[in-house]
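Participant: Based on the provided sequences and hints, a complete structural model is requested.
Protein sequence lines correspond, in order, to chains A and B.
Oh and the first sequence: position 182 is 182 in UniProt numbering, straight run, nothing missing.
Oh and the second sequence: position 37 is 37 in UniProt numbering, straight run, nothing missing.
There are no misleading hints in this set.
Heads up, simulated SDA-like pairs for lysine to any residue below, C-alpha to C-alpha not over 25 Å straight-line:
1) A:138 to A:164
2) A:138 to B:53
3) A:222 to A:171
4) A:138 to A:91
5) A:138 to B:51
6) A:138 to B:55
7) A:130 to B:54
8) A:130 to B:56
9) A:138 to B:29
10) A:138 to B:58
11) A:130 to A:98
12) A:138 to B:35
13) A:138 to B:56
14) A:138 to B:57
15) A:130 to A:96
16) A:138 to B:28
17) A:130 to A:230
18) A:130 to A:248
19) A:130 to B:55
20) A:130 to A:161
21) A:130 to B:58
22) A:138 to A:120
23) A:138 to A:13
24) A:138 to B:36
25) A:130 to A:246
If the Cβ cut is set under 7 Å, some of the chain A residues that face chain B in the computed set are:
26) 10
27) 11
28) 31
29) 58
30) 59
31) 60
32) 61
33) 135
34) 136
35) 253
36) 257
Computed far set for chain A versus chain B, every beta-carbon distance over 10 Å:
37) 26
38) 28
39) 72
40) 102
Hints are computed from structural coordinates only; laboratory data are not their basis.
Heads up, the beta-carbon is just placed ideally off N, CA and C, and yes, glycines get one too.
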Amino acid sequence: MRHVALVADRIGWEERRLIAAAGAHDLRLSWVDDGALCLGAPAAPALGDFDAVMIRSRSYTRGGLIATAAEAARVPVLNTAAAIHACENKLSLRALLRAADLPVPDFRLVLSRADFAAALAELPLPLVLKPVFGGMGKRVTLLRDADTAQSVYDYVEDLGHGFEQAALVEPFLDGGSSVRCFVAGRQLVASASFRSAGGDWRSNAALGNRHRRVAQGPEISKIVDAVVDVLGEGIYGIDLFETPDGFVVNEVNHAPAFRAVADTSELDIPTAVVRYLQEVTS
Amino acid sequence: MSTTVLTGVCPECETDLTTPPIVPGETLSCPECLLTLRVDDIDDGRLRLRMVEVTLRDWGQ
Ligand SMILES: Nc1ncnc2c1ncn2[C@@H]1O[C@H](COP(=O)(O)OP(=O)(O)OP(=O)(O)O)[C@@H](O)[C@H]1O
Ligand SMILES: [Zn+2]
Numbered sequence: 001m002r003h004v005a006l007v008a009d010r011i012g013w014e015e016r017r018l019i020a021a022a023g024a025h026d027l028r029l030s031w032v033d034d035g036a037l038c039l040g041a042p043a044a045p046a047l048g049d050f051d052a053v054m055i056r057s058r059s060y061t062r063g064g065l066i067a068t069a070a071e072a073a074r075v076p077v078l079n080t081a082a083a084i085h086a087c088e089n090k091l092s093l094r095a096l097l098r099a100a101d102l103p104v105p106d107f108r109l110v111l112s113r114a115d116f117a118a119a120l121a122e123l124p125l126p127l128v129l130k131p132v133f134g135g136m137g138k139r140v141t142l143l144r145d146a147d148t149a150q151s152v153y154d155y156v157e158d159l160g161h162g163f164e165q166a167a168l169v170e171p172f173l174d175g176g177s178s179v180r181c182f183v184a185g186r187q188l189v190a191s192a193s194f195r196s197a198g199g200d201w202r203s204n205a206a207l208g209n210r211h212r213r214v215a216q217g218p219e220i221s222k223i224v225d226a227v228v229d230v231l232g233e234g235i236y237g238i239d240l241f242e243t244p245d246g247f248v249v250n251e252v253n254h255a256p257a258f259r260a261v262a263d264t265s266e267l268d269i270p271t272a273v274v275r276y277l278q279e280v281t282s
Numbered sequence: 001m002s003t004t005v006l007t008g009v010c011p012e013c014e015t016d017l018t019t020p021p022i023v024p025g026e027t028l029s030c031p032e033c034l035l036t037l038r039v040d041d042i043d044d045g046r047l048r049l050r051m052v053e054v055t056l057r058d059w060g061q
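Facilitator: Put into structure tokens, the structure is as follows:
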């Protein structure tokens, strides 16, 4: 029986289901602590028992580094180091996607107060300020007024260290539903559209509080396909925003949660992932 | 193994804990200090627990 390492900081809701689905489909999927691999020895003895590695580290830093070390030891890894590195950096990802003619939101890279002032002068309010490296919707800030924007930037300057100060400023795409697409291999397994509800303007899963409906259509499939062409096959959470001119790709997650989209799909997500793992290891 | 209840000690506040069957990698919240603890290992019904972060700046899903 094929044996795949599920490398993660813990077993959460998603990992539990993946392990159960693997058991039901003749694949052994075992949790491996992402903080205890000590990789680097040429043949990666810590991964010697496994036919492949699936990375579910919540941390981009850990995920990208482990994928790099495992690939160097010629162990098949999902997602690839290149894909994780592309996803961890909102600027790199958008540059890659844009180069492939995929629609992404307009943005300005803000590394200083001068950049911030220039971005505010170039793009009309309301705007969104977000860290280049960051996730779970944290520190993503809606700027409605020019006068509060400067004070918000005081906090970036004052409390952000090094890479935490790198930010994007982009138009607030308020038509506002976001679509989360779950991909395994090349297959779009589930997609659902979210709208923020209640006390927070953001609608991402980590922050809770939103309404949900199924989202489908040829435009979504086409974008998802093109994103996979850029990143290579893998397991992704692709976030789209709906705009009057069509969908744009906001970001791609490397170890996507799927609880929120699970019941909008006719396909069983864990089973789809396991089938893909079988394909990769066969 | 016939044990249906596992036992351990919170490494942070030393409270005695019992849990239903659980496997390494799973997490639980210490009822006393509320920290998130991960099961690192289970040896003869005894849990080895470690405090883990609930969110870090470079996390994304
Ligand atoms: N330009 C924007 N216009 C409107 N809403 C936005 C914009 N950027 C972000 N948001 C809202 O904020 C949420 C979090 O933003 P984003 O996904 O970019 O950050 P993140 O930290 O990578 O989140 P996650 O890791 O949960 O996907 C989005 O799901 C969306 O609801
Ligand atoms: Zn405790």
